[in-house]
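Could you use the hints to bring the two separately framed chains together as a complex?
Protein sequence lines, in the order shown, are assigned to chains A and B.
Okay, so the first sequence: first residue is 1 according to my numbering, each after it adds one.
Okay, so the second sequence: first residue is 1 according to my numbering, each after it adds one.
Hints listed in this document are in silico derivations from the structure and should not be mistaken for laboratory results.
No experiment lies behind these values; they were computed from the predicted model shown.
One thing to keep in mind: the hints can contain errors.
To be verified - Below are the SDA-like pairs computed for lysine to any residue, each with C-alpha atoms no more than 20 Å apart in a straight line:
1. B:Lys7 <-> B:His36
2. B:Lys31 <-> A:Glu69
3. A:Lys21 <-> B:Gly102
4. B:Lys31 <-> A:Gly35
5. A:Lys21 <-> A:Glu69
6. B:Lys12 <-> B:Asp23
7. B:Lys7 <-> A:His13
8. A:Lys53 <-> A:His77
9. B:Lys31 <-> B:Pro6
10. B:Lys167 <-> B:Gln133
11. A:Lys21 <-> B:Leu49
12. B:Lys167 <-> B:Gly102
13. B:Lys12 <-> A:Gly142
14. B:Lys31 <-> A:Ile39
15. A:Lys21 <-> B:Asp23
16. A:Lys21 <-> B:Lys12
17. B:Lys7 <-> A:Ala47
18. B:Lys31 <-> A:Ala50
19. B:Lys31 <-> A:Ala32
20. A:Lys53 <-> A:Gln85
21. B:Lys31 <-> A:Asn137
Read off the chains here:
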Amino acid sequence: MAKQPRSGLATLHVLVIDDHKGMREIIWTILAGLGVGNISEAADIAAAEAQMKRFPPDIIFLDWMLQSENGLEFVRHIRALPDNQNPFVPIILVTGHAEYERVVEARDAGVTEFLVKPLTTLAVAQRLEMVIHHPRNFVRAGEYLGPDRRRRTRSIDGPDRRGTPEMLLDQDEIDAVMKGGADER
Amino acid sequence: MSGDEPKVRRMKGPRGHPYELIDVPNRLARKVGDFHVDPASIARVQARLDALAARYPDMALPEWERLAAHWQQLRSGAGTAEDDEGFRRIVHDFKGQGGSVGYMLITEIASSLGELQRQADLTSETARQAVDQHVAAIGTILRGRIGGDGGAQGQALMAGLRLLAAKASGERAP
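Isolated chain B (complex conformation) (with noise of 0.2 Å):
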């Protein structure tokens, strides 16, 4: 024995149910050592971070491009499958990766698409024409490079696709 070994404990809850309990040795706080979270090294992380934010709108106008051809397809009902799958993967992807370097206006107006492909009719006009905002709005924000919240203008912008948002979930087809 090596000491390394999980330790194992066979119990019964309290309706009989039995059940193992597994203590395994803590294997990594032995190699790690002490660890703990400082405020130099969040910000030193920043610091790269805001290196990367640099980059990100380069980054992603070639996604923003698959996502407004993906878009363009299915609203002319010439869309496949892959195209609504393409569709709701980069939305999905936006909304996680902006606000990760600083882009939280595109993680909102990807929130508030991703809201809207879920509550809207998407074959009613109102409903295609909010998705066309939004589209063109991460379009903007990235050819602008447009950080943070945007600003005023930014959260303005944001209020106007809720808006838009709010009216196609209303007119959603029953």
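For reference, chain A alone in the conformation it holds in the complex (with noise of 0.2 Å):
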């Protein structure tokens, strides 16, 4: 059997939580696959605390809808982290609503990116490429902490409208999110 090049993402260290093992194991799988060499598990939001104190994560997979919790929570709460925990943690939000009011509101939370289920495998290789090569800035806006909602590679000329209502939609962005992984396999 031919051996696996090593990828970079060998380094990395990646926890997924979600309440469903067979998504886990399907995320497990494709991350895997992927080269990605440390892959942890949890299946609340407990369980997850726990991990990230005994092995900070590089990035992190979340399930919005936990059984009894809500994944917005959560990433609320590691947003508002000291910053010795580091609040800016990419988090990688899967989920199967892509409603428009859905999305804003993920995005509002702090989410970094948005995963639209049934999952693909180029869909998450291209959102770990995004979230490790196209970092964006952060924002602390009002109540506000988490990625600019606005791309780095975007121009920031003319009007800076950040912090304000109605930046709170990108009209780009969100269409994208929406348009989903369907057609991406």
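See below:
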């Protein structure tokens, strides 16, 4: 059997938080296949917090609908952590909800990227690539701490409307999320 | 200073709203180095997912049995809030999982079933029969290990289920 080429991802630690064992297995299979070296799993927020203390993750994959918990509350909790606990960790939200209002709600909680179910390998790989090679600045505006809701690659010339209510919607980005991964396989 | 600390710039929006723009050093890129999506790794992962897909029906059948049990309780009028929540959750899980391992028809049916739950009056017999058919179809696909979109038969089944769902949704109580 041919040996799998060693990927730079071998050094990464990814934490997968999902209450459904089958879904964790699917994400684990994709991440391991892409070459991620360390993958931890948690079925709920308490287990995730314990994992994060033991072995801080580089990236988190988080299901929105945990058993009796809301994944977005966990996102807000992480973003509010003291600086030495990495409130800037990239969080990729895994969700079956691609409705406009849901996407905006999640983004405004401080999610870094979205991954719409059903998953595709390409979509997972692209989200990894985004958080590794195209990270965003963070913004603290009022109650919000999270990734800049405009991509770093965009010019910031012209009116800067960060922190104003109308800036919470970035149509290009929301359209891209709502398109999802359905045609990416 | 290690150079690894975030740099914070205090800014003001055009209406005077203060905010902080925080430039977080890209520690991940330094750690990972050159990583880009390539077709070879995608194909490698697909082979692993195919192996997982072969086990999927066996993994999912117990969950389908729970789905059917919740529905029977709800249909009979003896269902509890837990049955309702359990039913919704399992439908949602099927929608997300099926297509992720190559069972697109499961995702399609679960998606239609979810829509039915939202749109139809589930106390009507038409809607109940539509749910019956959706639940039964998921079981049939899992037992028959019908992957992909199910081919022509699968798509005919899906078209029939959509018709039932549309009819039930049209009879929604005011």
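Taking the hints in turn, this is what the structure says about them:
For the proposed pair lysine 7 of chain B and histidine 36 of chain B, the alpha carbon gap of about 27 Å is over 20 Å, so the pair is violated. At roughly 32 Å between alpha-carbon atoms, lysine 31 of chain B and glutamate 69 of chain A are farther apart than 20 Å, so this suggested pair is violated. Between lysine 21 of chain A and glycine 102 of chain B the CA atoms are separated by roughly 17 Å; this keeps the pair inside 20 Å, and the hint holds. Proposed proximity of lysine 31 of chain B and glycine 35 of chain A is supported: the alpha carbons are some 14 Å apart, at most 20 Å.
At most 20 Å may separate the alpha-carbon atoms for a hinted pair to count; lysine 21 of chain A and glutamate 69 of chain A meet this at roughly 16 Å. Taking the CA atoms of lysine 12 of chain B and aspartate 23 of chain B, the gap is near 16 Å; set against the 20 Å cutoff, the hint holds. With a C-alpha separation of about 25 Å, the suggested pairing of lysine 7 of chain B with histidine 13 of chain A is violated against the 20 Å cut-off. Our distance criterion of 20 Å between C-alpha atoms is met by lysine 53 of chain A and histidine 77 of chain A, whose separation comes to about 14 Å.
For the suggested pair lysine 31 of chain B and proline 6 of chain B, the alpha carbons sit about 17 Å apart, so the restraint of at most 20 Å is met. Of the supplied pair hints, the one linking lysine 167 of chain B and glutamine 133 of chain B holds, its CA atoms being roughly 13 Å apart against a limit of 20 Å. Between the alpha carbons of lysine 21 of chain A and leucine 49 of chain B the distance comes to roughly 15 Å, so the proposed pair stays at or under 20 Å and holds. Between lysine 167 of chain B and glycine 102 of chain B the alpha-carbon distance is near 29 Å, which puts this suggested pair outside the 20 Å criterion.
For the proposed pair lysine 12 of chain B and glycine 142 of chain A, the alpha carbon gap of about 12 Å is at most 20 Å, so the pair holds. Distance hint between lysine 31 of chain B and isoleucine 39 of chain A is fulfilled; the C-alpha atoms sit about 16 Å from each other, no more than 20 Å. Straight-line distance between C-alpha atoms of lysine 21 of chain A and aspartate 23 of chain B comes to about 36 Å, which puts the hinted pair past the 20 Å bound. Between lysine 21 of chain A and lysine 12 of chain B the alpha-carbon distance is near 46 Å, which puts this suggested pair outside the 20 Å criterion.
Under the criterion of a C-alpha separation no larger than 20 Å, the hint pairing lysine 7 of chain B with alanine 47 of chain A is inconsistent with the structure, at around 32 Å. The hinted pair formed by lysine 31 of chain B and alanine 50 of chain A fails the criterion: a straight-line CA distance of about 24 Å is larger than 20 Å. Of the supplied pair hints, the one linking lysine 31 of chain B and alanine 32 of chain A holds, its CA atoms being roughly 17 Å apart against a limit of 20 Å. With a C-alpha separation of about 9 Å, the suggested pair lysine 53 of chain A and glutamine 85 of chain A falls inside the 20 Å cut-off, and the hint holds.
For the proposed pair lysine 31 of chain B and asparagine 137 of chain A, the alpha carbon gap of about 18 Å is at most 20 Å, so the pair holds.
The structure shown violates the earlier hints numbered 1, 2, 7, 12, 15, 16, 17 and 18.
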